Amino acid sequence: MKKFYILIILNILLALSCSRDEFEIQPYGEIPELLKINSTQGIRLEKYIVKEDVLINLKSPEFSTSRIRIKDIQERTVSQEQLDLIKGDNILKIHIKALPKDSYTIEVVDKTGNLIGRDIFSLIK
Amino acid sequence: MRNFIFSLLILTSTLLQGQTIIVEHGWINLPQNIKVGDTVTYYQSIVDQSGTVDLQYIQVDISYNHNKLTKIQEPVWDQRWSQDSKATNHWFGYYYDGSYYGSPIEDLSLQVAEGLGGKYSGNNNWNIQRTNIQSVQDIDGLLFTQQFTVSDIDGTQELDYLDVINFNWSFGRDRQNITIQQITGNQHSLDLENVSGIPAGMVTFQLQSPNNNNATDYIIQIYDELEEVDTNNDGIIDMKVPSMSPPVISTRLDGSGKLVTNSLKQDTEYFIEIFVEGTYNQQSSTVTYPDWLDDAVTVSDVLLAFLQANGGGLEGQDNILEYDIQEQLGNVSQDIKNAGGEAYQIDTDDSYALLAFLTGVMESQSNNSSKFYPITSVTNGPFNVSALLDYWGKNDSNRVSYSDSKIFTLTDNNPVTFNLAHGLMGDIDLSHSTTPALDQSTVIIRSQAFPGFNTRSIASLQPVETDLDIFTEKVGNKVVMKVDITKTDLSGLQLNMQYDTDKLVFENVTFDTGNSMTNFAKEKDGILIVGSIDPNGNSVITPGKILELTFDTKESITNTAGLVSFRITDAVQQDGRKVNLKIK
Numbered sequence: 730m731k732k733f734y735i736l737i738i739l740n741i742l743l744a745l746s747c748s749r750d751e752f753e754i755q756p757y758g759e760i761p762e763l764l765k766i767n768s769t770q771g772i773r774l775e776k777y778i779v780k781e782d783v784l785i786n787l788k789s790p791e792f793s794t795s796r797i798r799i800k801d802i803q804e805r806t807v808s809q810e811q812l813d814l815i816k817g818d819n820i821l822k823i824h825i826k827a828l829p830k831d832s833y834t835i836e837v838v839d840k841t842g843n844l845i846g847r848d849i850f851s852l853i854k
Numbered sequence: 009m010r011n012f013i014f015s016l017l018i019l020t021s022t023l024l025q026g027q028t029i030i031v032e033h034g035w036i037n038l039p040q041n042i043k044v045g046d047t048v049t050y051y052q053s054i055v056d057q058s059g060t061v062d063l064q065y066i067q068v069d070i071s072y073n074h075n076k077l078t079k080i081q082e083p084v085w086d087q088r089w090s091q092d093s094k095a096t097n098h099w100f101g102y103y104y105d106g107s108y109y110g111s112p113i114e115d116l117s118l119q120v121a122e123g124l125g126g127k128y129s130g131n132n133n134w135n136i137q138r139t140n141i142q143s144v145q146d147i148d149g150l151l152f153t154q155q156f157t158v159s160d161i162d163g164t165q166e167l168d169y170l171d172v173i174n175f176n177w178s179f180g181r182d183r184q185n186i187t188i189q190q191i192t193g194n195q196h197s198l199d200l201e202n203v204s205g206i207p208a209g210m211v212t213f214q215l216q217s218p219n220n221n222n223a224t225d226y227i228i229q230i231y232d233e234l235e236e237v238d239t240n241n242d243g244i245i246d247m248k249v250p251s252m253s254p255p256v257i258s259t260r261l262d263g264s265g266k267l268v269t270n271s272l273k274q275d276t277e278y279f280i281e282i283f284v285e286g287t288y289n290q291q292s293s294t295v296t297y298p299d300w301l302d303d304a305v306t307v308s309d310v311l312l313a314f315l316q317a318n319g320g321g322l323e324g325q326d327n328i329l330e331y332d333i334q335e336q337l338g339n340v341s342q343d344i345k346n347a348g349g350e351a352y353q354i355d356t357d358d359s360y361a362l363l364a365f366l367t368g369v370m371e372s373q374s375n376n377s378s379k380f381y382p383i384t385s386v387t388n389g390p391f392n393v394s395a396l397l398d399y400w401g402k403n404d405s406n407r408v409s410y411s412d413s414k415i416f417t418l419t420d421n422n423p424v425t426f427n428l429a430h431g432l433m434g435d436i437d438l439s440h441s442t443t444p445a446l447d448q449s450t451v452i453i454r455s456q457a458f459p460g461f462n463t464r465s466i467a468s469l470q471p472v473e474t475d476l477d478i479f480t481e482k483v484g485n486k487v488v489m490k491v492d493i494t495k496t497d498l499s500g501l502q503l504n505m506q507y508d509t510d511k512l513v514f515e516n517v518t519f520d521t522g523n524s525m526t527n528f529a530k531e532k533d534g535i536l537i538v539g540s541i542d543p544n545g546n547s548v549i550t551p552g553k554i555l556e557l558t559f560d561t562k563e564s565i566t567n568t569a570g571l572v573s574f575r576i577t578d579a580v581q582q583d584g585r586k587v588n589l590k591i592k
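Order-wise, the sequence lines are chains A and B. Per this note's numbering, the very first residue in the first sequence carries number 730; after that it's consecutive. Per this note's numbering, the very first residue in the second sequence carries number 9; after that it's consecutive.
Bear in mind the hints are in silico, worked out from the structure with no lab data behind them. Computed from a prediction, not measured in an experiment: that's the story for all the values here. Heads up, some of the hints might be wrong.
Claimed, not checked - Taking lysine-lysine and the DSS-like style, the derived pairs with C-alpha atoms no more than 25 Å apart in a straight line are:
| hint | chain 1 | residue 1 | chain 2 | residue 2 |
| --- | --- | --- | --- | --- |
| 1 | B | Lys553 | A | Lys800 |
| 2 | A | Lys816 | A | Lys854 |
| 3 | B | Lys486 | A | Lys826 |
| 4 | B | Lys248 | A | Lys780 |
| 5 | B | Lys590 | A | Lys800 |
| 6 | A | Lys840 | B | Lys79 |
| 7 | B | Lys590 | A | Lys826 |
| 8 | B | Lys562 | A | Lys826 |
| 9 | B | Lys248 | B | Lys402 |
| 10 | B | Lys490 | A | Lys822 |
| 11 | B | Lys592 | A | Lys822 |
| 12 | B | Lys266 | A | Lys830 |
| 13 | B | Lys79 | B | Lys127 |
| 14 | B | Lys486 | A | Lys800 |
| 15 | B | Lys553 | A | Lys840 |
| 16 | B | Lys248 | A | Lys822 |
| 17 | B | Lys79 | A | Lys830 |
| 18 | B | Lys562 | A | Lys854 |
| 19 | A | Lys826 | B | Lys530 |
| 20 | A | Lys840 | B | Lys490 |
| 21 | B | Lys495 | A | Lys800 |
| 22 | A | Lys830 | B | Lys590 |
| 23 | B | Lys532 | A | Lys826 |
| 24 | B | Lys592 | A | Lys830 |
| 25 | A | Lys840 | B | Lys590 |
| 26 | A | Lys822 | A | Lys840 |
| 27 | B | Lys562 | A | Lys822 |
| 28 | B | Lys495 | A | Lys830 |
| 29 | B | Lys553 | A | Lys780 |
| 30 | B | Lys532 | A | Lys854 |
| 31 | A | Lys826 | B | Lys592 |
| 32 | B | Lys490 | A | Lys826 |
| 33 | B | Lys532 | A | Lys830 |
| 34 | B | Lys402 | A | Lys840 |
| 35 | B | Lys379 | A | Lys840 |
| 36 | A | Lys800 | B | Lys127 |
| 37 | B | Lys530 | B | Lys486 |
Claimed, not checked - Here are some, though not all, of the chain B residues that point toward chain A, as calculated from beta-carbon distances under 8 Å:
| hint | residue |
| --- | --- |
| 38 | Lys379 |
| 39 | Glu481 |
| 40 | Asp510 |
For each residue, glycine too, the CB sits at the ideal point set by N, CA and C.
Just chain A, with the same shape it has in the complex (with noise of 0.2 Å):
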């Protein structure tokens, strides 16, 4: 009977988490061979020559409110997302439909700016 208490808890305590936006990013579970990182911070990238969506793999070192910047061949910023990064990989998503063709360098920076990460993918549409 003590179990099933602990049980109830448990998942009362699951359901309040999943519930909160700051802790939306899951951990992976199995991290995709293409993605895995084997350092303790990096990005990597699913492909390099992109025309769909893309998976990516965004290791932090430790919680960390980032952002992720996409460049384009001048360096100027084009899209900017503000995000919290679990301890480890986070597998994410960039969405390319509303960026033009071009060639695009990514990178990560934590709050105070340190690099985490940077990669480089060129999107064909």
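Let chain A serve as the given structure and place chain B on it in line with the hints.
Same frame as chain A, now just chain B:
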């Protein structure tokens, strides 16, 4: 000895009688400017210089270069010889090498006296024509006319239209059947001068524009058939414009804003235009224009228009603008009845038209309006202004006519580059238009009406840079975009954005820019244009979080990266100076 005496008698007789026949050839009514394909009329005639020769027979042999001329007619003999015997012979692909070729005195009869053996050789560039006439009358005066067309020498070894027809030789006899001893030609060779159509070699056209990133959206059209126009019916030709004939070149620029061609000709007047090209959709019968056209006319253009219309600065008599071309591009409120006849000057009509356009009050042209508002946008399309760079943006004291700024002529086959200028109506800050070199010929001259007030120095219009914080984030099931500024003297700010319409629905925008600012937001097909402006430059945008845009989501998303892209961010200071916003 008998032969010698006989010859001496003949010679003496000839000299005494002065038997000299001149064969003339030339052109009839040759046009001053000849184009490839034109018809030219050739003639031959006989002049009896002594007036004593009763010429009964004459043969004239000529060569003509068939790379340059195409025979379209046999000799048309003058009607005087209609009852007489005539003959014409042709040999194609032969050339005559006379030993007196090019001599000052074209002694045609001597060629025959020396013998013609070995003087003809095969040559694919030349043809031979030999005419004969035997008459019961004294042959004198016009023999015949004959038409040729001027051929295009492009692709041949020919470089010009000199030596198109040459005399070879002539032979004649008088009524006593005595050979005429001296037949001369008036000129050995006939030329065609001022023929357009000679290849001009490699010609490069280079667009000089800050918008060269989008160079492939521009098209060049070059016309070679122009017509003269008397615009005000005063009997004086004011300009030349392309006729109804299609352009000889109509092609898009390459990615570097360049077009290289070797298909143009020398001594031809060409009219060139460059403009932004739309894409025609056959199914919907519509033309779509590049998205970046919506970036050309923004808050900085509107504020500049207001400041200029209001007199700019000191005591309302200064210019806020520097270049005359800025005022030309800002003249966007035009009376349809007087289109083109207005002064190039920005007034309050222009500035309010731009404001109405920017804020979405005037989205497109109204069919019922007596006014015409050539303001560039995706909806309106591009309103193009173009010229050869050397004539771009010249002020009243230096302006050449519309057509003169677009016409060029190539005079040799040396490689040459033409720099081209292009502007879009409404683009007062020249963000997408060519900036001319600043000198007395391009500077705005309105202030000359107010002695003592000069235009500002060029440094005054150099843009400044400031940071802008703009990002999206996921808040519940919404995507929120927030914009923060720290600069304290902005009188205008505009953001043009594109968002993913498959995943987002634009919901609303909240401004917190201050009480006296005019805010605007326009949305169409995934393009969002939002901004804030005080057109008179009296107020500034309150620093801080000035904008918040909210999107609903159509599907579950984990994050927002790439869902909204910032196409252009434009801002302007109270004094009209452009501000480059650098996204942090």
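Results for each hint:
{"no.": "1", "hint": "Lys553(B) / Lys800(A)", "result": "holds, 23 Å"}
{"no.": "2", "hint": "Lys816(A) / Lys854(A)", "result": "violated, 34 Å"}
{"no.": "3", "hint": "Lys486(B) / Lys826(A)", "result": "holds, 18 Å"}
{"no.": "4", "hint": "Lys248(B) / Lys780(A)", "result": "violated, 49 Å"}
{"no.": "5", "hint": "Lys590(B) / Lys800(A)", "result": "holds, 12 Å"}
{"no.": "6", "hint": "Lys840(A) / Lys79(B)", "result": "violated, 84 Å"}
{"no.": "7", "hint": "Lys590(B) / Lys826(A)", "result": "holds, 23 Å"}
{"no.": "8", "hint": "Lys562(B) / Lys826(A)", "result": "holds, 14 Å"}
{"no.": "9", "hint": "Lys248(B) / Lys402(B)", "result": "holds, 19 Å"}
{"no.": "10", "hint": "Lys490(B) / Lys822(A)", "result": "holds, 21 Å"}
{"no.": "11", "hint": "Lys592(B) / Lys822(A)", "result": "holds, 22 Å"}
{"no.": "12", "hint": "Lys266(B) / Lys830(A)", "result": "holds, 22 Å"}
{"no.": "13", "hint": "Lys79(B) / Lys127(B)", "result": "holds, 23 Å"}
{"no.": "14", "hint": "Lys486(B) / Lys800(A)", "result": "holds, 24 Å"}
{"no.": "15", "hint": "Lys553(B) / Lys840(A)", "result": "holds, 18 Å"}
{"no.": "16", "hint": "Lys248(B) / Lys822(A)", "result": "violated, 58 Å"}
{"no.": "17", "hint": "Lys79(B) / Lys830(A)", "result": "violated, 57 Å"}
{"no.": "18", "hint": "Lys562(B) / Lys854(A)", "result": "holds, 22 Å"}
{"no.": "19", "hint": "Lys826(A) / Lys530(B)", "result": "holds, 20 Å"}
{"no.": "20", "hint": "Lys840(A) / Lys490(B)", "result": "holds, 16 Å"}
{"no.": "21", "hint": "Lys495(B) / Lys800(A)", "result": "holds, 23 Å"}
{"no.": "22", "hint": "Lys830(A) / Lys590(B)", "result": "holds, 22 Å"}
{"no.": "23", "hint": "Lys532(B) / Lys826(A)", "result": "holds, 16 Å"}
{"no.": "24", "hint": "Lys592(B) / Lys830(A)", "result": "holds, 23 Å"}
{"no.": "25", "hint": "Lys840(A) / Lys590(B)", "result": "holds, 18 Å"}
{"no.": "26", "hint": "Lys822(A) / Lys840(A)", "result": "holds, 20 Å"}
{"no.": "27", "hint": "Lys562(B) / Lys822(A)", "result": "holds, 16 Å"}
{"no.": "28", "hint": "Lys495(B) / Lys830(A)", "result": "violated, 32 Å"}
{"no.": "29", "hint": "Lys553(B) / Lys780(A)", "result": "violated, 34 Å"}
{"no.": "30", "hint": "Lys532(B) / Lys854(A)", "result": "holds, 21 Å"}
{"no.": "31", "hint": "Lys826(A) / Lys592(B)", "result": "holds, 23 Å"}
{"no.": "32", "hint": "Lys490(B) / Lys826(A)", "result": "holds, 21 Å"}
{"no.": "33", "hint": "Lys532(B) / Lys830(A)", "result": "holds, 20 Å"}
{"no.": "34", "hint": "Lys402(B) / Lys840(A)", "result": "violated, 52 Å"}
{"no.": "35", "hint": "Lys379(B) / Lys840(A)", "result": "violated, 53 Å"}
{"no.": "36", "hint": "Lys800(A) / Lys127(B)", "result": "violated, 77 Å"}
{"no.": "37", "hint": "Lys530(B) / Lys486(B)", "result": "holds, 20 Å"}
{"no.": "38", "hint": "Lys379", "result": "violated, 35 Å"}
{"no.": "39", "hint": "Glu481", "result": "holds, 5 Å"}
{"no.": "40", "hint": "Asp510", "result": "holds, 6 Å"}
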